[in-house]
Every structure is written in structure tokens, then in C-alpha cells.
Amino acid sequence: MPGPLAGFFEQMGRFIQMMGRVFAWTPRPPYDWRELFRQMVKVGVNSTPVVLLTAMFTGMVLALQTFSVLSRFNAESFVGSLVALSMVRELSSVLSGLIVAGRAGSAMGAELGTMRVTEQIDALEVMATDPVHYLVVPRVWATTIMLPLLVALGNGVGIFGGYLVSVVLMGANPVSYVNRTFQFMQLNDLLSGLVKAAVFGFLLAVIGCQQGFYTTGGAEGVGRSTTAAVVVASIAILISDFFLTRLLF
Amino acid sequence: MTEPSSKTDTVKIRIRDLRKSFGPKVVLDGVNVDIVPAESLVVIGGSGTGKSVLLKHIIGLLRPDSGTVVVDGTAVETLGNREITEFRRKFGMAFQEGALFDSMTIWQNVAFPLQRLTKMSRGEIDDRVEECLGMVRLEGVSEKLPSQLSGGMRRRVGFARAVAHQPEILLFDEPTTGLDPITTALIDEVILDLSDRLKTTTITITHDMESAFRIGDRIAMLNRGKIIAEAPPEEFKRLDDPRVQQFIHGRAEGPLSEETPARGPSDSRDDLGEKTGESGIPSRS
Ligand SMILES: Nc1ncnc2c1ncn2[C@@H]1O[C@H](COP(=O)(O)OP(=O)(O)OP(=O)(O)O)[C@@H](O)[C@H]1O
Ligand SMILES: [Mg+2]
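Protein chains in written order, with my numbering: chain A, 236 to 484; chain B, 94 to 378.
Rather than coming from a laboratory, the hints here were simulated on the basis of the structure.
Honestly, I wouldn't trust all of these hints.
Unchecked claim - If you only want the chain B side, here are some residues facing chain A, beta carbon under 10 Å, derived:
#1 149
#2 153
#3 177
#4 179
#5 188
#6 205
#7 210
For clarity, every value in this text was computed on a predicted model and none was experimentally measured.
A virtual CB, placed ideally from N, CA and C, is assigned to each residue, including glycine.
Bound-form chain A, shown alone (with noise of 0.2 Å):
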């Protein structure tokens, strides 16, 4: 079989029951919330600025271009609404998805890879505790819970911004700008996009995880690890972003 196919059935494989295991593993006792919640501060802590940071560019930069698009149609009072419309429903979610896929998802790769390569992650088996079940469980599920949090920030953030650059850089009146940006959005914007997040959130810490999981070669190794969690996690935000657009709506 040609090598880079064989990788890709390999990977996808290793994902699939990577996945399984997570879900076979999370109902079961003991419980570790306080890993749990090590695990989300981490993330948060991890992203939130540069999440925020991104959300407010994005926010204002869209407002910059709609504005000068719409002003050749003259429909300049639309800006607030499509700025808002397209963070809320794709911006915010694929961009902050993408940052943590960069930040936490590669510090999983690293940090389990390191431990897989000196043999931490064969001590955990040792001492009758699975691996998935004590390291990747509460990763992955932290993930999921934050990345819409983080994104629900980037919304706001993002809307914010776009209206900085309206009103104070384009002289739009600060009333008429913020109905325009709450009048078309509905309730299944906002959650379209904190639900397409929740998907970015597990499957960039599956498989940020899984590329540790299975680190092999030292410290080379663990170097290939993180590098292939953020590309193979982005390429699947990016993916599966379309199909999910399509699903939601």
C-alpha cells in the first residue's frame, strides 16, 4: 500500500478508537473533577488572550470590509448585522477552534508524547490505571466545555469590535448600528456556532491526544507529535466545519 495512504487509513484508525475509548471511559468511576477543572482553567488560561485578541481584529476588520462593500449599494446600515452574523455563526467558532487547536491541542501532543517516550504513560498501566481514562478523558471533555465558552466570549468581543471601527472610525450612529446588529440573529445563529465548537473542542483534544498517545522515537518524536495535533486537528476543524455548516444550517 502506498505510504501516505497507509498513514491516513493508520491515523484515521487510531482516531476512531481513540474516540471510543473516550466514550467506553467517561462513565465509569472514579470521577476526577478536579482534574476536569485543572484541565479547562488550563485551556482557558491557556487561550482566552489570544482568542480574545483575534475576535476583536476579526471583529473589526469585517467591519472595515462589509462597510466598504456595502457603501457601493448604499447599504451602509447593514454593516452591524452581517459583523455580527458572521462572527456569531462561523468566524468565531473556526477561528478560536483553530488558536486552541494551536495552543492546547499541541501542548496534549507534547505533553502526552513526552510521557508516552519516557515511559510515564506505561506507569500509569502498571499502577492499574488506564491512560485514557486518567489523562485523555478529562482533556477532552475540558476542551468541549471551554471552546464554546471561549468562542461565546469571542462573539461578544468580536461584535464589540466591529462596532468600535462603525461608529467611531465611520461615523455610524452608535443606536441604529446595534439594532441592526441584533435584528436578524436568531437564536439558532448563536447556537450553531457554540455547538459547531463544542465539535472543534473534541476533536482537536482527541486528536491532540491520540497524535501523543502514540508518540514514538523520544524526543524527535514528541516534536512530531505536536506539529501533527495542530495540522491534522486544523485540517479536521476545517472539514468538518463545512459538513457541519451544511448540517446546522
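Starting from the structure of chain A, add chain B with the ligands where the hints point.
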């Protein structure tokens, strides 16, 4: 737990015709060895001969290509994911490189098996952790992280972690490598005490021949994927297999040095055929 009742029960660990290759590299090529309860077996052999690989098969971290490892009547390789977790409760293992959890303090490392494998209260765990760290002469380090300790100290923490929950079977992968002679003697004492007083079955890998003769009820030498000699210490010293003699006396010249350079699997097979005659191990055709 239960007293040995029949003849078969008097073997704690039975390894039969264990084979393992990594890719083209044959590491274990038909290992046979029995270990009785409360015995202390020492495994010696050149670097890279597969001693660590052998230990990992006993505890089910690696699966054999063929052959079997039977512990207390259970064939390890047949156990599923969840059964093996239960099965491993009776084991403690100290890894060659320590394998300490580097995100946890020393206290948390040693307490880990106690929290996971016993029903001890926090106070009992505290006492036991103190006791185990004291056993290997490590006091006042419990709040430190593994990265703040020296290599020898980490190795001793790994040892303390392995023995903490008083398992029936202990596997030590080079517990004293890199330790000073006094600390080595101390660890040897602990191993002796474990098998004498607590009737623990221990398998120790070591390169230190002095240690090997001190702690071993029996010494087995692994070479080219097979156990080429096994005997109680006094007898082992007198074995006239030139490979054993070369190893015991640490001579650079001898049959072991002639075969050490890594060669292809076909080469090594020829080599084995020539050498095995005298130690009574049938050569493969
Ligand atoms: N997971 C693995 N994948 C591939 N090869 C391996 C693996 N584990 C061990 N090996 C190979 O098996 C051989 C035996 O390794 P092992 O670690 O058992 O040696 P050892 O006898 O413990 O040596 P040392 O005394 O240096 O610790 C080595 O050649 C090693 O390269
Ligand atoms: Mg070894």
C-alpha cells in the same frame, strides 16, 4: 492470598517459549523460565539483549509474538483491556528510567499507587509514603518535583513507588544503576527483606554482579534472545560457559564481544546455532 495447594501452584510465573521481534529485529527468541513464589530472580545480560522487554512482557505492557507468560495460572497475553488492569494490581514495577510523573510532587508519585490500588486513608497513606521514602534514604523531598532531584534520587523514588502498595510481585529494572555503593547495598537490603519477610516474588535486572550475587536466589543470563544459563549464585559463579565467565568477570575479550556488533537476523541465527551446543540448549534447525 491462597496457599499453594497443588504442584502447579508452586510456580508463580511461568514463561514458555517467549518470542518477540520489533520489525526485523529479533529480541526474544524463545525464553523459558519459571519463578517460584517468594523467589528472587536476578536477570543479567548485555545491554540491548532484551531484559527490559522481558519484564514488560511479564506485566503485559508488551504482547508476545508467540509463547506465553503465565502468572498465578493466568496467561497474561490472553487478558483483555479491563482484565489486565485488575491483573496488574498484584505487581509493582520500577522502571529503568524511573518513569516518575513529572507533573506530580515526589509525595504524589509515591502516594499514587496507594490512592489507586488500596483503600488506605489519607493518614495511612502519609505514613506509608514517609516509610517508603525513608526506606531508600530520601527524607525531606516529598514536596519537590522529579525534575528537582538527581538521577539517583529519581531512581530511588521510582523504587519507593513500586514497593509502596506491597505487591505480591515486584519487577525492578536496574534499581541500583548509577547509585553509590552504599545506597546500592541499602537497596539490596530492601529487596532481600521484601522476599524474606513479605514473601514477595521479585525479578531484578542488574548489571552489578556483586548485587546480583547478593540478592539473587537464582541468576539467569539472557543472551541473544534466550536464557543461556540459570543457577543459584554460588553455582552460577562456577558455570564453565565462557559467555557467563566473561560477563561475570567483565572481560572485554571473549565470546560475547565477538557476537555483539549488531548484525542482520540471518547472521545472528547462524551464530546462535554454533554457540548453543555446550549449554545444553537445542539449536534450531
Ligand atoms: N518499543 C520498542 N520498539 C522497537 N524496538 C525496541 C522497543 N523496545 C525495545 N526495543 C529493542 O529491543 C532491544 C532490547 O531492548 P531492551 O530495552 O530490552 O534492552 P535491555 O536488555 O534492557 O538493555 P539495557 O541493559 O541497556 O537496559 C533493543 O535493541 C531495543 O532497540
Ligand atoms: Mg533495560
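Hint-by-hint comparison with the structure:
{"no.": "1", "hint": "149", "result": "holds (7 Å)"}
{"no.": "2", "hint": "153", "result": "holds (8 Å)"}
{"no.": "3", "hint": "177", "result": "holds (8 Å)"}
{"no.": "4", "hint": "179", "result": "holds (7 Å)"}
{"no.": "5", "hint": "188", "result": "holds (5 Å)"}
{"no.": "6", "hint": "205", "result": "holds (6 Å)"}
{"no.": "7", "hint": "210", "result": "holds (6 Å)"}
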